[in-house]
Amino acid sequence: MTGEFYVQTKSRTDFVEITGQVQDFLNNTKVSGDFKADGALVVFTPHTTAGVTINENADPSVVLDMAHALDLMVPWSHPAYAHSEGNSAAHMKSTLVGCSEMVFFGDGRLELGKWQGIFLCEFDGPRTRHVRVRIIG
Amino acid sequence: MTGEFYVQTKSRTDFVEITGQVQDFLNNTKVSGDFKADGALVVFTPHTTAGVTINENADPSVVLDMAHALDLMVPWSHPAYAHSEGNSAAHMKSTLVGCSEMVFFGDGRLELGKWQGIFLCEFDGPRTRHVRVRIIG
Amino acid sequence: MTGEFYVQTKSRTDFVEITGQVQDFLNNTKVSGDFKADGALVVFTPHTTAGVTINENADPSVVLDMAHALDLMVPWSHPAYAHSEGNSAAHMKSTLVGCSEMVFFGDGRLELGKWQGIFLCEFDGPRTRHVRVRIIG
Chain Y
1 MTGEFYVQTK
11 SRTDFVEITG
21 QVQDFLNNTK
31 VSGDFKADGA
41 LVVFTPHTTA
51 GVTINENADP
61 SVVLDMAHAL
71 DLMVPWSHPA
81 YAHSEGNSAA
91 HMKSTLVGCS
101 EMVFFGDGRL
111 ELGKWQGIFL
121 CEFDGPRTRH
131 VRVRIIG
Chain F
1 MTGEFYVQTK
11 SRTDFVEITG
21 QVQDFLNNTK
31 VSGDFKADGA
41 LVVFTPHTTA
51 GVTINENADP
61 SVVLDMAHAL
71 DLMVPWSHPA
81 YAHSEGNSAA
91 HMKSTLVGCS
101 EMVFFGDGRL
111 ELGKWQGIFL
121 CEFDGPRTRH
131 VRVRIIG
Chain W
1 MTGEFYVQTK
11 SRTDFVEITG
21 QVQDFLNNTK
31 VSGDFKADGA
41 LVVFTPHTTA
51 GVTINENADP
61 SVVLDMAHAL
71 DLMVPWSHPA
81 YAHSEGNSAA
91 HMKSTLVGCS
101 EMVFFGDGRL
111 ELGKWQGIFL
121 CEFDGPRTRH
131 VRVRIIG
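Residue numbers (the numbering used here), protein chains in the order written: chain Y, 1 to 137; chain F, 1 to 137; chain W, 1 to 137.
Some clues are possibly wrong.
For chains that are exact copies, the list does not tell them apart, and a pair is met inside one copy or across any two.
Straight-line C-alpha distance at most 20 Å; calculated EDC-like pairs for lysine to aspartate or glutamate [claimed, not checked]:
#1 K10 to D71
#2 K114 to E17
#3 K114 to E85
#4 K114 to E4
#5 K114 to D71
#6 K10 to D59
#7 K114 to D38
#8 K10 to E111
#9 K10 to D38
#10 K30 to E111
#11 K30 to E17
#12 K10 to D107
#13 K30 to D71
#14 K30 to E4
#15 K30 to D59
#16 K30 to D107
#17 K114 to D24
#18 K10 to D24
#19 K114 to D59
#20 K30 to E85
Hints listed in this document are in silico derivations from the structure and should not be mistaken for laboratory results. Remember, it's a predicted structure, so these values are computed and weren't measured experimentally.
Whenever a hint applies, use it, and build me the whole structure from the sequences.
Okay, structure coming up:
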């Protein structure tokens, strides 16, 4: 059972919460008759300058602070960078954050921690980004 | 098949090895009759200022050096941080390390490399942290 | 269904594309009669100074720039490092990048994005590195 959806990002760096879309995918598997009560799913983005992470969704300043911290770690421009598109920092951030996350579910609900949300992380936007979700166990 | 356990961390940054608890979970599935000889499991922590990683467990200085290296990368305080709880660095480290790891097993034993151990990574402790383990394939 | 192969790295830091070997594994499962049309697999490396990542495979300068960016983030030598082998930075990079990746497949083909390739990341080479692949869902 696989789902997919698209996310419009709004700036070069943007963390867009997608917990609702992933829960919707679970809800739809129930409707479709493919319902699996307990298991795990993977959220995957097929891009090399974006990522998927799980972090706090209660205070929006958390993801803004992470954007700052990533900029401190990975300078946008550097004399050593050779990639002609000029977005090497975005590729680095994608590999640091990773392009997928694993999430458990039970009784058709995502089993995230109280403060955890799932985010599509944009590092070279604004763009339209693709996200795939698949139940894997 | 899902297991869970708790880990008491002892300082703001702490890497606590949990390989034994994860192996115990596998042993218990054998006892319970749900035994699966070969597959994969996920170790997940439902927190936004902690993480799970796999790294060397032979020399304890490896994880201490990683704690130092993370502090060099992600300053605890920074004028750009806006999150009022003051632990933005811990959130950043959680996303860098990730909140889950996938591990293969065979014949009821974790298939880790010779030097690999599984660690619960604390970035805003000391606290009691929750870890979940689920066989997914 | 599990596969494995070895990768010879050529320098201290080296990103070696292994997409072909992972696709070969899928092709072999078809030949062996264990074919599963759709699902997910995990690529895992059992080392503590190497990693696995997904990033751009079109322009080779992307992974070279990531090697530079990682060196900026994680100094090879630092007075705070205590690990006697002197490769603490390699351990840190392994945890930042992670030792596994999850990849979807359908109709026997890896479902990667247009620009995505799978890389074995060497951080303390040159060495011969081991990679395992397992279908998990």
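Structure-based check of each hint:
1. Taking the shortest Cα distances, K10 and D71 sit within 20 Å of each other inside one copy (17 Å), while across copies they are farther apart (30 Å).
2. In the homo-oligomer, the alpha carbons of K114 and E17 lie at most 20 Å apart inside one protomer (15 Å), although the nearest pairing across protomers, at 24 Å, exceeds that limit.
3. For the homomeric pair K114 and E85, the shortest alpha-carbon distance between copies (16 Å) is at most 20 Å, but the shortest distance inside one copy (40 Å) is not.
4. In the homo-oligomer, the alpha carbons of K114 and E4 lie at most 20 Å apart only across protomers (16 Å), although the nearest pairing inside one protomer, at 25 Å, exceeds that limit.
5. For a Cα distance limit of 20 Å, the shortest separation of K114 from D71 qualifies neither inside one copy, at 28 Å, nor across copies, at 26 Å.
6. Proximity of K10 and D59 under a CA criterion of 20 Å is satisfied intra-copy only: 19 Å inside one chain copy versus 26 Å between copies.
7. Taking CA atoms no more than 20 Å apart as the test, K114 paired with D38 passes inside one copy only; the shortest distance there is 19 Å, against 32 Å between copies.
8. Neither within a single protomer nor between protomers do K10 and E111 lie at most 20 Å apart by alpha-carbon distance, with minima of 29 Å and 27 Å respectively.
9. Taking identical chains as interchangeable, the C-alpha atoms of K10 and D38 are never at most 20 Å apart, the minima being 35 Å within one chain and 33 Å between chains.
10. For the homomeric pair K30 and E111, the shortest alpha-carbon distance inside one copy (16 Å) is at most 20 Å, but the shortest distance between copies (25 Å) is not.
11. Taking identical chains as interchangeable, the C-alpha atoms of K30 and E17 are never at most 20 Å apart, the minima being 23 Å within one chain and 38 Å between chains.
12. In this assembly of identical chains, the alpha carbons of K10 and D107 never lie at most 20 Å apart, being 34 Å within a copy and 35 Å across copies at closest.
13. For a Cα distance limit of 20 Å, the shortest separation of K30 from D71 qualifies neither inside one copy, at 41 Å, nor across copies, at 45 Å.
14. Proximity of K30 to E4 under the C-alpha cut-off of 20 Å is restricted to the intra-copy arrangement: shortest distance 16 Å within a copy versus 26 Å between copies.
15. Taking CA atoms no more than 20 Å apart as the test, K30 paired with D59 passes in neither setting, with 31 Å inside one copy and 42 Å between copies.
16. In the homo-oligomer, the alpha carbons of K30 and D107 lie at most 20 Å apart inside one protomer (10 Å), although the nearest pairing across protomers, at 24 Å, exceeds that limit.
17. In this homomeric assembly, K114 and D24 come within 20 Å of each other (Cα to Cα) only inside a single copy, at 19 Å, whereas the closest approach across copies is 26 Å.
18. In this assembly of identical chains, K10 and D24 lie within 20 Å of each other by CA distance neither inside one copy nor across copies; the values are 23 Å within and 39 Å between.
19. Taking the closest pair of Cα atoms, K114 and D59 come within 20 Å of each other only inside a single copy of the chain (13 Å); across copies the shortest separation is 34 Å, beyond that limit.
20. Taking the closest pair of Cα atoms, K30 and E85 never come within 20 Å of each other, the shortest separation being 43 Å inside a single copy and 39 Å across copies.
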